[in-house]
Amino acid sequence: AQSVSQHNHHVILSEAASLELGCNYSYGGTVNLFWYVQYPGQHLQLLLKYFSGDPLVKGIKGFEAEFIKSKFSFNLRKPSVQWSDTAEYFCAVNARNNNDMRFGAGTRLTVKP
Amino acid sequence: EAGVAQSPRYKIIEKRQSVAFWCNPISGHATLYWYQQILGQGPKLLIQFQNNGVVDDSQLPKDRFSAERLKGVDSTLKIQPAKLEDSAVYLCASSPLIARLEQFFGPGTRLTVL
Chain A
1 AQSVSQHNHH VILSEAASLE LGCNYSYGGT VNLFWYVQYP GQHLQLLLKY FSGDPLVKGI
61 KGFEAEFIKS KFSFNLRKPS VQWSDTAEYF CAVNARNNND MRFGAGTRLT VKP
Chain B
1001 EAGVAQSPRY KIIEKRQSVA FWCNPISGHA TLYWYQQILG QGPKLLIQFQ NNGVVDDSQL
1061 PKDRFSAERL KGVDSTLKIQ PAKLEDSAVY LCASSPLIAR LEQFFGPGTR LTVL
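So the sequences go chain by chain: A and B. So for the first sequence, our numbering puts the first residue at 1; every next one is plus one. So for the second sequence, our numbering puts the first residue at 1001; every next one is plus one.
Treat the hints as calculated values from the structure; they're not laboratory data. We treat Cβ as the ideally placed atom computed from N, Cα and C, and that holds for glycine. Some hints could be false.
[To be verified] Straight line, CA to CA, 27 Å or less: simulated DSS-like cross-link-like pairs of lysine-lysine:
id	chain 1	residue 1	chain 2	residue 2
1	A	K58	A	K112
2	B	K1062	A	K49
3	A	K69	B	K1044
4	B	K1071	B	K1015
5	A	K71	B	K1044
6	A	K69	A	K49
7	B	K1078	B	K1011
8	B	K1044	B	K1011
9	B	K1062	B	K1044
10	A	K71	A	K61
11	A	K58	B	K1062
[As the list claims (entries may be wrong)] According to the in silico footprint, chain A covers these stretches of chain B (three or more CB under 8 Å from chain A):
id	segment
12	1015-1023
13	1069-1080
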């Protein structure tokens, strides 16, 4: 079964700083990739997803992620974070030949105003 | 569009007691998932339904956990008897088809086992 690693447990940035959150997965087959976000007091919601095609995908609120197949990575980026981006971010992987969605442990992002 | 509904939002029980959680998915969504999210970890899939049939329950501790989805709509997840390590948030999600598409999550039920 596939597994997901998120390298950073807690990231603290100042507003306007650039963000990159790492995500690596282990699975030899074809995958679908997701980033979910959970704002304080809210439920999980989708930021962006990759199924096929252009490996650079754009999501809501200025976020983007790049799928690098050779590195089994799907890192999340944002050029300039805002205080409202404070949240927990989860990377998730779903193998195409099964329905098992695996989540990483999450990265807590704190943006200081 | 109404989201995924879950109840209760919070539950506190003592170990060895029983507890049940309820989920109402988004209307028309054929696939329903139950996840367990322990503090500091990502969600872990417990069981997945396609309509009222089980697609995957390989990570469900079947000696104490059970789930059903009668009529292919609402679902209940039960724990009997509960253990201390069951303290977690239980998330329900639904999607129109198998997980290739986005899963929509409910607010979760926070369970504390004392």
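Satisfaction of hint between K1044/B and K1062/B, Cα-Cα up to 27 Å | holds (15 Å)
Between K1062/B and K49/A, is the straight-line Cα distance small enough, at 27 Å or below?
-> violated (32 Å)
Quick one, are K58/A and K1062/B close enough, alpha carbons at most 27 Å?
-> violated (40 Å)
Quick one, are K1071/B and K1015/B close enough, alpha carbons at most 27 Å?
-> Not satisfied, since the Cα-Cα distance of roughly 31 Å exceeds 27 Å.
Within the assertion that chain A covers the segment 1069-1080 of chain B, do at least three residues meet a Cβ-to-Cβ distance smaller than 8 Å?
-> violated (count 0)
Between K71/A and K61/A, does the CA-CA distance stay at or below 27 Å?
-> Given that 27 Å is the threshold and the Cα spacing comes to 26 Å, the pair holds.
Hint consistency between K69/A and K49/A [alpha-carbon to alpha-carbon, up to 27 Å] = Within the cut-off at roughly 15 Å; holds.
When you check the alpha-carbon spacing of K71/A and K1044/B, does it fall within 27 Å?
-> holds (24 Å)
Counting residues of the segment 1015-1023 of chain B with a beta carbon closer than 8 Å to any beta carbon of chain A, are there 3 or more?
-> Result for this restraint: violated, n = 0.
Going straight from one Cα to the other, do K1078/B and K1011/B come out at no more than 27 Å?
-> holds (13 Å)
Could you grab the alpha-carbon distance between K1044/B and K1011/B and see if it respects the 27 Å cut-off?
-> Holds, at roughly 20 Å.
Are the Cα positions of K69/A and K1044/B separated by 27 Å at most?
-> holds (24 Å)
Violation of the numbered hints given earlier is confined to hints 2, 4, 11, 12, 13; the remaining hints are satisfied by the structure.
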